[in-house]
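Undergrad: Residue numbers (the working numbering), protein chains in the order written: chain P, 1 to 164; chain V, 1 to 742; chain A, 1 to 284.
It should be emphasised that the hints constitute simulated quantities derived from the structure, not laboratory data.
Please read all numbers here as calculations on a predicted model, not as lab measurements.
Glycine residues also receive a C-beta, built at the ideal position from the N, C-alpha and C atoms.
Relax, there's no trap hidden among the hints.
Here are some of the chain V residues that sit facing chain A, going by a computed Cβ distance under 7 Å:
#, residue
1, Q108
2, E111
3, R610
4, T611
5, Y651
6, A655
7, V662
8, N663
9, T673
10, D676
11, E731
With beta-carbon atoms standing in for the labels, derived distance ranges:
#, chain 1, residue 1, chain 2, residue 2, range
12, A, K159, P, K164, 55 to 61 Å
13, P, K88, A, D260, 47 to 53 Å
14, P, G15, A, E66, 33 to 39 Å
15, P, K164, A, H50, 54 to 60 Å
16, A, K159, V, H173, 33 to 39 Å
17, P, Q160, A, S101, 30 to 36 Å
18, P, S19, A, N120, 29 to 35 Å
19, V, R74, P, E34, 32 to 38 Å
20, V, R24, P, T8, 26 to 32 Å
Examples of chain A residues toward chain P, derived with CB under 8 Å:
#, residue
21, M40
22, L43
23, E44
24, S55
25, A57
26, I106
27, A193
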Amino acid sequence: MSDRASATVLFTVNGRPQSMTSHPLRRLLDVLREDLRLTGTKEGCGEGECGACAVLFDGEVVNSCLVPILQAQDVTIITIEGLVQNEKAKLLQEAFVQCGGAQCGICTPGMVVASWNLLERNPLPTDDDLRSALSGNLCRCTGYTRIFEAIKIASGKLEQAAAK
Amino acid sequence: MTQRLMGSSLPRTEGHSKVTGQARYVDDISFPEMLYGVTVRSPIARGRISKIEFDPAIPWNEFTIVNASDIPGRNRIVLIADDQPCLAQGLVNHAEEPVLLLAHRDKQLVEEARRAVTLDIAPLPAVFDIDDAIAEKQIIWGTDNIFKTFLVEKGDVDSAWAGAYAIVEGEYHTGAQEQLYIEPQGMIAQYDPETGITVLGSMQCPYYVHKALMPLLNLPPEKVRVIQTETGGAFGGKEEYPSVIACHAALLAKKACKPVKIIYDRGEDMAATTKRHPSRTRHRTAVDRDGKLLAMDIEFTVDGGAYTTLSTVVLSRGTIHAGGPYACPNVRIRSKAVATNHPPHGAFRGFGAPQSIFALECHMDRVARQINMPPDEFRRRNFVHEGETLAVSQVVREPVNLEQLMNRALELSEYRLKRERFARENETSIIKRGIGFASFMHGAGFTGSGERSMGSIVAVEGTKEGMVRVLASSTEMGQGTNTIFPQIAAEALGIGVDAVEIVTPDTSVVPNSGPTVASRTCMIVGKLVESACLQLREALIQSGLLQPDYSPEDFKRACSEYVERRGMLKCQSQYSTPPGIYWDDDKYQGDAYATYAWAVYVAEVSIDSRTWETRVEDFVAVQEVGRVINPILAMGQIEGGVAQGIGFALYEDVAWREGRMVNNQMTNYIMPTSADLPPIRVYFEEIPYEYGPGGAKGIGELPIDGPAPAIVNAIENAIGVPVGRIPATPEVLMQAMEGARV
Amino acid sequence: MRSYLPRYEMRAPMDLGEALDLMQAEPGEWKPFAGGTDLMVLLEQGKLEHRRFLSIAHLTDLQRIEVTDAHVTIGALTTYSNLQRDSVLQSEFSLLWKAASETGSIANQNRGTLGGNIANASPAADSPPALLVYDAELELICRQGARWIPYARFHTGYKQMDIAPNEIISRIRLPRSSKQWRQYYRKVGTRRAQAISKVCFAGTAEIAEGKIRDIRIALGSVAPTVVRCVKTEALLLNSTGSSRIKDAQEELASEMSPVDDFRSNAKYRNRVAQNLLAEFLLQL
Numbered sequence: 001m002s003d004r005a006s007a008t009v010l011f012t013v014n015g016r017p018q019s020m021t022s023h024p025l026r027r028l029l030d031v032l033r034e035d036l037r038l039t040g041t042k043e044g045c046g047e048g049e050c051g052a053c054a055v056l057f058d059g060e061v062v063n064s065c066l067v068p069i070l071q072a073q074d075v076t077i078i079t080i081e082g083l084v085q086n087e088k089a090k091l092l093q094e095a096f097v098q099c100g101g102a103q104c105g106i107c108t109p110g111m112v113v114a115s116w117n118l119l120e121r122n123p124l125p126t127d128d129d130l131r132s133a134l135s136g137n138l139c140r141c142t143g144y145t146r147i148f149e150a151i152k153i154a155s156g157k158l159e160q161a162a163a164k
Numbered sequence: 001m002t003q004r005l006m007g008s009s010l011p012r013t014e015g016h017s018k019v020t021g022q023a024r025y026v027d028d029i030s031f032p033e034m035l036y037g038v039t040v041r042s043p044i045a046r047g048r049i050s051k052i053e054f055d056p057a058i059p060w061n062e063f064t065i066v067n068a069s070d071i072p073g074r075n076r077i078v079l080i081a082d083d084q085p086c087l088a089q090g091l092v093n094h095a096e097e098p099v100l101l102l103a104h105r106d107k108q109l110v111e112e113a114r115r116a117v118t119l120d121i122a123p124l125p126a127v128f129d130i131d132d133a134i135a136e137k138q139i140i141w142g143t144d145n146i147f148k149t150f151l152v153e154k155g156d157v158d159s160a161w162a163g164a165y166a167i168v169e170g171e172y173h174t175g176a177q178e179q180l181y182i183e184p185q186g187m188i189a190q191y192d193p194e195t196g197i198t199v200l201g202s203m204q205c206p207y208y209v210h211k212a213l214m215p216l217l218n219l220p221p222e223k224v225r226v227i228q229t230e231t232g233g234a235f236g237g238k239e240e241y242p243s244v245i246a247c248h249a250a251l252l253a254k255k256a257c258k259p260v261k262i263i264y265d266r267g268e269d270m271a272a273t274t275k276r277h278p279s280r281t282r283h284r285t286a287v288d289r290d291g292k293l294l295a296m297d298i299e300f301t302v303d304g305g306a307y308t309t310l311s312t313v314v315l316s317r318g319t320i321h322a323g324g325p326y327a328c329p330n331v332r333i334r335s336k337a338v339a340t341n342h343p344p345h346g347a348f349r350g351f352g353a354p355q356s357i358f359a360l361e362c363h364m365d366r367v368a369r370q371i372n373m374p375p376d377e378f379r380r381r382n383f384v385h386e387g388e389t390l391a392v393s394q395v396v397r398e399p400v401n402l403e404q405l406m407n408r409a410l411e412l413s414e415y416r417l418k419r420e421r422f423a424r425e426n427e428t429s430i431i432k433r434g435i436g437f438a439s440f441m442h443g444a445g446f447t448g449s450g451e452r453s454m455g456s457i458v459a460v461e462g463t464k465e466g467m468v469r470v471l472a473s474s475t476e477m478g479q480g481t482n483t484i485f486p487q488i489a490a491e492a493l494g495i496g497v498d499a500v501e502i503v504t505p506d507t508s509v510v511p512n513s514g515p516t517v518a519s520r521t522c523m524i525v526g527k528l529v530e531s532a533c534l535q536l537r538e539a540l541i542q543s544g545l546l547q548p549d550y551s552p553e554d555f556k557r558a559c560s561e562y563v564e565r566r567g568m569l570k571c572q573s574q575y576s577t578p579p580g581i582y583w584d585d586d587k588y589q590g591d592a593y594a595t596y597a598w599a600v601y602v603a604e605v606s607i608d609s610r611t612w613e614t615r616v617e618d619f620v621a622v623q624e625v626g627r628v629i630n631p632i633l634a635m636g637q638i639e640g641g642v643a644q645g646i647g648f649a650l651y652e653d654v655a656w657r658e659g660r661m662v663n664n665q666m667t668n669y670i671m672p673t674s675a676d677l678p679p680i681r682v683y684f685e686e687i688p689y690e691y692g693p694g695g696a697k698g699i700g701e702l703p704i705d706g707p708a709p710a711i712v713n714a715i716e717n718a719i720g721v722p723v724g725r726i727p728a729t730p731e732v733l734m735q736a737m738e739g740a741r742v
Numbered sequence: 001m002r003s004y005l006p007r008y009e010m011r012a013p014m015d016l017g018e019a020l021d022l023m024q025a026e027p028g029e030w031k032p033f034a035g036g037t038d039l040m041v042l043l044e045q046g047k048l049e050h051r052r053f054l055s056i057a058h059l060t061d062l063q064r065i066e067v068t069d070a071h072v073t074i075g076a077l078t079t080y081s082n083l084q085r086d087s088v089l090q091s092e093f094s095l096l097w098k099a100a101s102e103t104g105s106i107a108n109q110n111r112g113t114l115g116g117n118i119a120n121a122s123p124a125a126d127s128p129p130a131l132l133v134y135d136a137e138l139e140l141i142c143r144q145g146a147r148w149i150p151y152a153r154f155h156t157g158y159k160q161m162d163i164a165p166n167e168i169i170s171r172i173r174l175p176r177s178s179k180q181w182r183q184y185y186r187k188v189g190t191r192r193a194q195a196i197s198k199v200c201f202a203g204t205a206e207i208a209e210g211k212i213r214d215i216r217i218a219l220g221s222v223a224p225t226v227v228r229c230v231k232t233e234a235l236l237l238n239s240t241g242s243s244r245i246k247d248a249q250e251e252l253a254s255e256m257s258p259v260d261d262f263r264s265n266a267k268y269r270n271r272v273a274q275n276l277l278a279e280f281l282l283q284l
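Assemble the whole structure, with the sequences as input and the hints as a guide.
TA: Here it is as structure tokens:
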């Protein structure tokens, strides 16, 4: 690749510093899945509509299919694989399993990332809060009912844990 | 048999791997030296290929290029009629029809190359309309553009009109619906001259793919191996279509002698793959003074697209369900599947039934209105009972109490109270409210003799470690196969679920248990799992290694010892038809399905009279399903199916232009988000079905049959004008209300 | 069918100055690339025509929201999420605040910017009608200097803008008012969330002694650009609003030119816009 079509970008993924030389417009999603072999983040639509590619980007949920890698410079990224290492996020993941919040599972990583981010900002979300916070994560299998239940149960468990 | 596991909400077996991002879908898998494959497609709906041009700017010598002449065997996707080419040769019959395949190591370059191929196609006149197809404006398929017809006759319809108190007619339309699984379609193929072809990918039916690959590649069964990867949603969209991609990937892999991965991008997936068959149904119904049905004359037509695919079977199911759960003495159903130059339509949850049930249930409300009878009273007077016959003359040989289901649903939804209240409030309110319901049934398993012809097999095997492996070709696609099979097996064997392993559906390892479709996986295949396990248990007891009152540890030891001593412990169970099932394929009469699940769904809607936007405010789903094996999974099926049904009713519209889908983006094809759906309230009743595992019937498709008619009935209740078509978008409602004013 | 990346280029200038230098040196060569929520979609679909981009999302100079007595000035690179976090916008410019909350999903609000949205010039965008009724002004800067223009004059035709190849939108300025304005915003889309609008209506009115003293009406998705309905506004001045609904609706119809497309049709857009006008006037 010529000089002009390549950039070296420094960022952190799941706590580990990365140095990536790539075409600047290469999608963050592809860098994560192909170069870093973090295949937990999924592609569902490539147009920022389904949320299956959601990751945490300096603490905010973004659709990684719409982020050019050049703009990840100095950014702290957390993917679903990183959430697993977080004891509190694990409560959310367990709730998803217990409540039937995952059926085919393809939307699940993005859904868990978005739900986790919601709980970080709003520890006791109402149903309306859930509806609007997760409207960017499409699920074709569940009708969302069990996903909401999982988040509410996790939120309860996190509140209990915090109270102790 | 004690029921310690059946009926309990065991957590999803692969749940942990899904919520941690560890589950591996086809695009998560790579092989060394793997190439990326893409499909070059026809831009127009019908024509003759005159020239294919390759832009010299691309280094074509680096590419693997496959056309129809590279096919060693038959250029056909083998399914039912074998009329669909794998790659178009000469003629193209639909937009997006595959013509050429390209593969290259560079994922980016292969897309650029796709753009650099120009297909010169001389257009031929195309047919896009059901009536144009029937009128034979152009013959685009066979001799008359008709894939299939059915005629169902019960009693004597024509004699009933004269004595009728009222005769009501109606015409109903449903549009195409995209399955929209969130994981796009994809396959990886590998070829070895010694061992043959191996294909892995997202699919519902490994043996369908296996069957399609053999004649295409001229390979015997043992040289074709198909393995299902974790599948991110399917809903029928991955029943027959995967054979097309598998064949494409295999051709490229064979020519390149390298592994080839094909993953469709979303726009391509939406435009090129199958959708639900659009339908048109015409009803003519006679009732007597007491509101009892005297005759139903039904004309049911579906648009099959350019090739047969599964249209004959979709038509079959739609036809059989067209008369609904009513005892009507005289019925005639004339149905047709016609060819048009759209990309072939195919399987989608419900498979013809949502279309004909939509028409019927909207029409039943219309008849009730015409004779000034409340819709629920009208149903009550006509519901079928045990001993009475359905439209295809099937004698209902199971207890069924639709009145009770309906009463429960109406009570839970406050139907009567709300109907009265809304009638008052709508006079002055800007937001019009309505409530409506649909009563329906869904036959589980394959129609008629289908299950017997298939002869599905399940095997179970004991291991040296004392585990039990279940070998079946049924796939997990989110519905819970890999959770309920261990539940059923463990229950039958008296062991824990963690002692049961479900083997990945791999055609070189598992027997053919039939496709994962038709709401048959729990009821039919699950029963085979149960019976194979009972055989295995019996084998152990007979051997003397296991006493009848054993513990799970005893079982483990006995199994292990048996395998040590005898080398193998394997039992197989094959489908046999329950007694008393008889179906006449010529007359299309008799026991169409071994059993039905029965349901009544109620929808409450609000319509903003300024914008005609409809919102579903509440939804109640009551169904009798034999036995609920796993409540959370079962509720998940109903909730998800209802959500898809709401999409079908209100939002999901395929915009066609010259036979091509132009809104093929998730931004423009509208499925419900979490903000669009109400809480979906699910209730089960259980009347155990003798031949299902633990008494279970099938439920996968049932929930998508009810929502659309319930919602449209609710809308018609709210706005007081007939709608009769879905999706009932705001534009459609505006048109309906404006039209009514004139 | 994704684009072929080697045909494209993107650089991240160190600061705004460097960006302007590059755009000056090679006018038309470089296009600014903000949050990417529009451009990355085009890239993915093989429809991104321009080739060389300057990534400006990181330029903090253009991310500030400044409040003075007279104005609220929003940096063009302010994201929709950050717009919603500003309390002055929420209390005094609630229509813009509401538009921001309805623009796509939270994930896209975290990346999409107001300036990027304006530059994308979709007639269906959610914020422009609000900007029009607030008499927003845009600051366009280039190496040589800066100029302010009324936002109402920025869009000159479908995807046509009064912006030179060497200019970047840097700030959006909203005049504050001490008066009590009634505010109304309604976006009618294909679904409740993540929807492209079929009709978007923004209206503000100042009422005194039961009469309309001042009124602003803007519509999205009913013309090649977002429109400020000045004739309808003139008709409604000094009336009670609800007394002139029918006339105002007719006038509104003459200021729109909605089309049929796969999302909706002209007749629906027309009727709904008129109905929203009535809803607005009845609330006054």
